[in-house]
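Trainee: Next come the chains, spelled out residue by residue.
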Amino acid sequence: MDIALGIGFAVGLAGLGVGIGQGIAANGGLNGIARQPEASGKVQTALLISLVFMELVFLLSFVIGFLLMGKIGA
Amino acid sequence: MDFQIGKLASIIASAEGGGGEGHGVGWGIFYYVGIVFVTIFVFMILARRGFRPHLFIGLPAKLAEHLYFFLRSVTTAIIGPHGPNYIPFLMTLWLFIFVSNVYGLIFPYTPSADWSLNIGFAIVTFLYVQYEGMRMNGVFGHMKHFAGPKLGGLPIAFAMLISGLIFSVEIFSEVLKIFSLSIRLFGNIEGGHIVKDALDHIITDVSIGSMHIDGVPLGGLLLPIKFFTCILQAFIWCTLACVYLAAVTGHHDEEHEHAEGAHAHAHA
Chain A
44 MDIALGIGFA VGLAGLGVGI GQGIAANGGL NGIARQPEAS GKVQTALLIS
94 LVFMELVFLL SFVIGFLLMG KIGA
Chain B
739 MDFQIGKLAS IIASAEGGGG EGHGVGWGIF YYVGIVFVTI FVFMILARRG
789 FRPHLFIGLP AKLAEHLYFF LRSVTTAIIG PHGPNYIPFL MTLWLFIFVS
839 NVYGLIFPYT PSADWSLNIG FAIVTFLYVQ YEGMRMNGVF GHMKHFAGPK
889 LGGLPIAFAM LISGLIFSVE IFSEVLKIFS LSIRLFGNIE GGHIVKDALD
939 HIITDVSIGS MHIDGVPLGG LLLPIKFFTC ILQAFIWCTL ACVYLAAVTG
989 HHDEEHEHAE GAHAHAHA
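Line by line, the protein sequences are chains A and B. Residue numbering for the first sequence is 44 to 117, as defined by the working numbering. Residue numbering for the second sequence is 739 to 1006, as defined by the working numbering.
With the rest of the complex left out, here is chain A:
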């Protein structure tokens, strides 16, 4: 019970934070592309890389949840 609750909170809170962070990053990237469309290629690459590193935080919590899932009922 406690573990299941913990998994829910871990994944949910990580998703919340990562969603906000990726939204801010995408906002900046899209603003940059809208202001300077000729730089869209460079902005896209940098944006993608930064999004990927943010997503890693969520995936770490996902892995922790995955590991905890094996302990439910154990």
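There may be inaccurate statements among the hints.
As the list claims (entries may be wrong) - Cβ-Cβ distance ranges computed for the label pairs, FRET-style: (1) B/936 <-> A/59: 12 to 22 Å; (2) B/868 <-> A/56: 33 to 43 Å; (3) A/69 <-> B/790: 38 to 48 Å; (4) A/79 <-> B/807: 21 to 31 Å.
For the record, the hints were derived by calculation from the structure and aren't laboratory data. The C-beta atom is built at its ideal place from N, Cα and C for all residues, glycine as well.
Since the structure of chain A is already known, use the hints to place chain B on it.
Mentor: Just chain B now, kept in the frame of chain A:
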């Protein structure tokens, strides 16, 4: 060598029945790795048959050409003029990750949803990046790159302390790249499988009159976005490998570019 047919069959069966909880599959992963390799090999043969001196004939050859030009533009944009040298390595990674991700859409289990294969790929990428850095800058130059910039104007003991600190942190983050790369692919693919399983279990055991439905496979609605994830993960792995390669090999071009930029700035 007491490898028996029955054992092999049970391994294959356990691999096929792996499903969302694909762990503990054991040697069954090689069965799927073999399928992926055969697919890539057949694709390569078909693509090669379409090569002509002046034009490419057939869909596989054209797809291979598109993939080549795509990777060439990515490597040139991120690494620089010497980027296309790394296309063979990146093409291998791209094809394997993409094909095994796509098999994850069809089969209940896929190599890239297993951490063991991903961590192997990540170790290969890491070692290749180190090797290329040593080849371009020499072993000592490559090690010096970890120690950060040259600290002038400081007492020598203090500068050595700071450089040593930067060196240890850089080595740590370099080794951590293995985990970040592998966890990214594993989490995305395995997470997709778990979400699909959860969606499949939303509606189960429905009875309408005399008709009985065991379950509604709502997870199938995720196919388009999961296919997008397949492409994106293969692309992201290659992009990050490019970024790592650019960090260890691109010093000369970077300096050149900076000098050029400063020159243009002075003129403007």
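Trainee: Indicate whether the distance between the beta carbons of residue 936 of chain B and residue 59 of chain A respects the range 12 to 22 Å.
Mentor: holds (19 Å)
Trainee: Is it true that the C-beta distance of residue 868 of chain B to residue 56 of chain A lies inside 33 to 43 Å, as the hint says?
Mentor: Since residue 868 of chain B and residue 56 of chain A have Cβ atoms about 36 Å apart, the given range 33 to 43 Å holds.
Trainee: Are residue 69 of chain A and residue 790 of chain B spaced within 38 to 48 Å by their CB atoms?
Mentor: holds (43 Å)
Trainee: For the hint 21 to 31 Å, verify it against the beta carbon of residue 79 of chain A and that of residue 807 of chain B.
Mentor: Cβ of residue 79 of chain A to Cβ of residue 807 of chain B: about 25 Å, so the range 21 to 31 Å holds.
When held up to the earlier numbered hints, the structure conflicts with none and fits them all.
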